[in-house]
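Number of protein chains: 2
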Amino acid sequence: MGIIVQKFGGTSVATPERIHKAAQKIIAAKKAGNQVVVVVSAMGHTTDELVELANKVWGDSPGQPPKREMDQLLATGEQVTIALLAMALHAQGHEAISFTGGQIGLITDENFSKARVKEIAHEKIIKELDAGKIVIVAGFQGITAGGDVTTLGRGGSNATLVAIGAVLHADVCENYTDVAGIFTADPRVVPDARLIREISYDEMMELSSVGASVLQTRAVEFAKKYNVTIHVRSSQTDEPGTLIVAETPAMEHIVVSGCALKKDLTRVTLKAIPDRPGVVAQIFSAVGAANVVVDDIIQTVTPEGANISFTVEHGDVADLKVVVEQQVKEIGGGTAVFDTNLAKVSVVGVGMKQSTGVAAKMFGALAREKVNIQNISTSEIRISCIIAKSDADKALRAVHGAFELGEK
Amino acid sequence: MGIIVQKFGGTSVATPERIHKAAQKIIAAKKAGNQVVVVVSAMGHTTDELVELANKVWGDSPGQPPKREMDQLLATGEQVTIALLAMALHAQGHEAISFTGGQIGLITDENFSKARVKEIAHEKIIKELDAGKIVIVAGFQGITAGGDVTTLGRGGSNATLVAIGAVLHADVCENYTDVAGIFTADPRVVPDARLIREISYDEMMELSSVGASVLQTRAVEFAKKYNVTIHVRSSQTDEPGTLIVAETPAMEHIVVSGCALKKDLTRVTLKAIPDRPGVVAQIFSAVGAANVVVDDIIQTVTPEGANISFTVEHGDVADLKVVVEQQVKEIGGGTAVFDTNLAKVSVVGVGMKQSTGVAAKMFGALAREKVNIQNISTSEIRISCIIAKSDADKALRAVHGAFELGEK
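Quick note, the sequences are listed as chains U and G, same order.
The numbers in the working numbering rise by one with no breaks, and the one at position 144 of the first sequence is 191.
The numbers in the working numbering rise by one with no breaks, and the one at position 242 of the second sequence is 289.
Derived by calculation from the structure, the hints in this document are not laboratory data.
Note that the coordinates shown come from a computational prediction; the quantities given were computed from them, not determined experimentally.
A portion of the hints provided could be inaccurate.
A pair holds if it fits inside one copy or across any two, identical chains being indistinguishable in the list.
Straight-line C-alpha distance at most 20 Å; calculated EDC-like pairs for lysine to aspartate or glutamate [said to hold, decoys possible]:
{"no.": "1", "residue 1": "114", "residue 2": "175"}
{"no.": "2", "residue 1": "271", "residue 2": "366"}
{"no.": "3", "residue 1": "114", "residue 2": "142"}
{"no.": "4", "residue 1": "77", "residue 2": "286"}
Work out the full structure, taking the sequences as your base and the hints as a guide.
Now the structure itself:
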């Protein structure tokens, strides 16, 4: 008998009907002879609605609602789903028991709104599984050692999935979503994109970080650390999806596994700032202190002073503007320009490590489509190009075609 | 510096605007130099909506959703309110911290859906009060020693209010509601009903048990046991309402303090059950084990066997049906008939102990209105008559008038 941990995202539990559909998948896994633990997200748009309610209460007060209270609020979303799913399973004749993050002792640090899992007291889960029950756990949430409710940030339910899979030494963590798995590119942009049957942790992490939104980098990192297999698959069918596993020698023969697009980039350019030692360090330490992740930094020196540009995600722009304006004032000169019309196209593959000519092939494909490359960044298994947002879709199709990633 | 525990019911926190209004009352109590603990209910109709969602998931499956999961579900309602109220207080410039029942260690028995408070680990509340914060606690909910979420049943938030008031030795427990206080009768039925300024615990318990819905018997019983003063008052004004306190000699001069109506009664009649020793005991111990409170029991013996009838609240009928059908099967005979067209009109007053002719005056008032009395029950300070539901309102007005309880 194996242990399977399943996760159903918000759209897969958005209505009583879908909750029953999820229950059927759970029961099928149980009937196949497995012990089953299920992690669920809040129903549909519940989390957004709760955030909106908090914003109404907060009104135009300065700053933001206290994060501890925001987490106390948001954690209710998943608690509703676990109870309803347990009821659905009972209604279909199967014993099930629901637990909040706190109830199974999913202990996190005190970093409200993006807490990290520290430990899971899994005895309670084991006890209920051994009693023949299906165990349902609220995703996205935990509790501090002091008993405060925390949430795990964007994609937190996947972090819960993998953490529980790790602590139970599960055979597989099944991530049920509204897509069939991980594709060689976003099928909405590239019609002949192909479902990837197997992908390594490192490739998945790179794809996530450059735009593949199904799984968050953090969850995959955790899965790699504990060697947990993740199966990304559709909640609408019984077809197998994509297995995310440790790298195998066979994978090295695939030069490029997939490509991705990121459209939510803003480039900040600081123009004509005083060109003296320490200025750049001062700016970036202030940006880092504001918890803003920067990428693709370029510095050029002109007679008027230095120009520095870097890219950030749109979501960080509000925080960043405050910091940048403050810094321009402090260093006594320069202007800040924000450009939101950018995108990033990337190719990822572990085979790149042993292969040559990958960059040349990518740049050639973009050149043939007259896509101007504004900046390039790479890792051992990834090449990314910053381009105009208006070129984004055609760039992705060009790159996908050049590496022959589509359906044969 | 005193300790005040305030409670805001569902209608008083139904919208962000009302939450801010409640916050103003809380801040006023704090500014007056008190330490303030606040107990809140779920917003508006949240609990009903959650029950409806559960019923949708349960569909037409036999029986009812598991009570443990129902409590897990319903407890989210209050958790939403505590977080939002804490945000509102922060937005108005005051430090506040929210706690679920579980977080303050409000330990209950394992009687899901109507659990009883066993203890409150109040150290956490004291610590935060001493740090100058306003402490907000989710009403209606607790946690078992094993960590399962429980709810305290109808009016559970009042139980939380009084339990916290008792454990903190609060100066007063303020129960903010959408009415001005306790009236001599329901003003919606009796237009000249008068606000009672002071009432004894025993009178309030009797009035609650026979239909005054503002405060539950259990909460008042608890308040009496720990000598906690409850102040029932309006959340819409600053006017004082009704104080519920220990009996004073002056109260004995008031023969009847108030009267009340209960319309949510179902009479169960078990017809033609085998008339042998132990059968009745067996039935009622099964009913008791299901936590159903019965009232007004009548037994008659006919040639076909015994007939037993008793009244219960509508809310208990679903639980009761299961028990009764099981019992009828076990004892081998009889049929169960449910009648929902009943009401109960009652008069209450500590002065009754020293007074005569109260019953005669009540029966006379009903007779003049041609209201047929189907059954009578009494306590030392109460007289109740079971009547047809169609006579209910006119019966209440007749009794209220006969004892001259209205505005002079």
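| task | State whether the alpha carbon distance between residue 114 and residue 175 is at most 20 Å within one copy, between copies, both, or neither. | result | For residue 114 and residue 175, only the inter-copy Cα distance (17 Å) is at most 20 Å; the intra-copy one is 33 Å.
| query | For residue 271 vs residue 366, is the C-alpha pair at or below 20 Å within one copy, between two copies, both, or neither? | reply | neither (30 Å within a copy, 50 Å between copies)
| Same-copy or cross-copy closeness of residue 77 to residue 286 [CA-CA at most 20 Å] | Within one copy only: 18 Å inside, 60 Å across.
| Should residue 114 paired with residue 142 be assigned to within, between, both, or neither, using CA atoms and 20 Å as the limit? | between (36 Å within a copy, 13 Å between copies)
The earlier numbered hint that this structure contradicts is number 2, and it is the only one.
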